[in-house]
Amino acid sequence: MSDRTRAARIIAKKQVFEALIGPGFYVALAVGLLLGYFLVSAFARSVDSSGFNPRLHPLYDAIGRALEGAFGTAFVDGLFAEGPLPFAFAVSYLPVFLYLAVSSVFKFGLERNAGAVELVVYGPADGTSYLIACYLKDLFLSLLALVVILGFTLAAAGIFNDFAGPALFLTAVVAFFLSLALLAYGMFASMVTANAASSLALFLGIVLFFLIVLFGSFAIVGEYVRSLSTVVGNVVQWISPFYYGNLSLQANAAGDPLGLLAGLALLVCLSGAILAASHFIMQARGVRP
Amino acid sequence: MIQTRALVKRYGTFTAVDGIDLHVRAGEIYGFLGPNGAGKTSTIMMLLGITRPTSGDVLLFGERYTSRRVHLRRRIGVVPEKHPRGVWPWMTAEDYLRFFAELFDVPRPQERIEALLKKVDLHTVRNTRIREFSRGMLQKLSFTRAILHDPDVLLLDEPISGLDPLGIQQVRDLIVSENREGRSIVISSHQLSEMERICHRVAIISRGRLLTEDTMEHLVARLFHEREIQVEVEQVPPGLAPLLEKLPSVLGCAVHENTLVITVPRQGDYRKPISEFLISRGLVPLRIQERMVSLEEAFVTITQENIGSLVNGGDRR
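Each protein sequence line maps, in turn, to chains A and B. So for the first sequence, the working numbering puts the first residue at 7; every next one is plus one. So for the second sequence, the working numbering puts the first residue at 952; every next one is plus one.
Be a bit skeptical, because a hint or two may be false.
Rough simulated footprint, nothing fancy, chain B against chain A, three-plus residues with beta-carbon under 8 Å [to be verified]:
1. 14 to 27
2. 115 to 129
3. 202 to 211
4. 284 to 294
Think of the hints as simulated: they come from the structure by calculation, not from any bench. What you are looking at is a predicted structure, and each value in this text was computed from that prediction instead of being measured. Ideal Cβ placement from N, Cα and C applies to all residues, glycine included.
All chains, full assembly: derive it from the sequences and hints.
Written out as structure tokens, the structure reads:
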């Protein structure tokens, strides 16, 4: 094992421990699970003899109206085609992912500014070891959160008699691969900025931008919005994790497993490319803020 | 042990380090001195591979250093000026050292940690969280971390800055003790009185240029050809100073209250003829003190007044 890999493993272990002894991860997980529970339990009350009817429960009524207004009925029908579980799963994971990504980006900036990264770099580690360690920690915690949420969602499915179909598992897989790329963007934002606040602002800006571009192309609220999003999307889609995530889901819906795998592989490649760029920036700038 | 060759670091158009050649020898305490903004930190960052030189070479233990040669960096222990506060608040002193021991792959880490904590007198607070540590305790902990993996060279950046007198003495004792155990020590500092007490050789840097690198003794010899002897008597009789100035070894004499300040050449011991002269005049020397040129004076002389003459091999006085 090289010095760099060994150092990254040791730093990652410390960081995972650090994250698990604090309350943040558990609070985010609890919020996510609570949201998931509400969505699954409310779904049971939104089903009548004709099937899923969002108007039967105020929560789904609100969600349904908002999504239908923006993206159309077909989008909502597709979203709930296999019951509430994939949607509930995604919503449960969102706060945990946001917590992990935001805290990671913020913490890296903070540690670099305080001189903690430099302290580690005085030894056998280097800036890249630290970067890899942060990323490994994020991946481990994301995976842990996904497993916990999946287990909880399956338990809720059992309680409320919902069907846990392949869409739920696919959502979990795509969420993980999507996290790979988004967390890599987190590292990138930390590398190109000078302090924790600007790293965070840049990261959130990047995620928001890609989300707007993606959802803009689905939007039915205005032709202009959709056209603009499509044009911008055509330019930036190659670097957008959501584009490849959506590509995977579309390939799966079309019964194309190779397309699904290609989409996931592209997410891995994108993550690798972003991390490589972060590494070169780190090499050029050094670990000092 | 550590050598630089024509080391240059530029930030845009600003040259922070301008062709520095340093040479730290095995087993010495080497003071790297300079005013704020002189280029000390930029040089150290290049020595550690934290930043890349614009040009020039860094040689560690005879090998040309690049950031890929991590095995060379492992042989250096670093005590930064400030220990990072506000990060890793959950760590106790022992957790902290255990983490670095694992990172450096220290053999028998627990034994080593315990021995070092005893050495720096922190064993009683081994289970205290480091966020509760004072500046002095943090500095000692930082020192412990730096020697944890038994490096050949210790590099200390302003090691006594912000410490109380007791903390200064403890850190000084640690430096001297580590040096006695055979470790070479490089200290970057502007605390000149302390450097004078412990450094074998010093390098003085100003505006990115190395002005001199020498032992204290040689440095003073090169800069100052005279020295002062202060003689305290009960009362200085009128007209004594001109008489003293007639002595062959005396270059000048001034009177301050009951003290004669006599200027003599730097070489030789002139206390005896001066004492004999005073006694022959019925005076009893109450105290004779030779005022040594301090590093601070040498530093001021070199960095502010005498840069040109030093570079050109000229002298002062």
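Hint numbers contradicted by this structure: Number 3 only.
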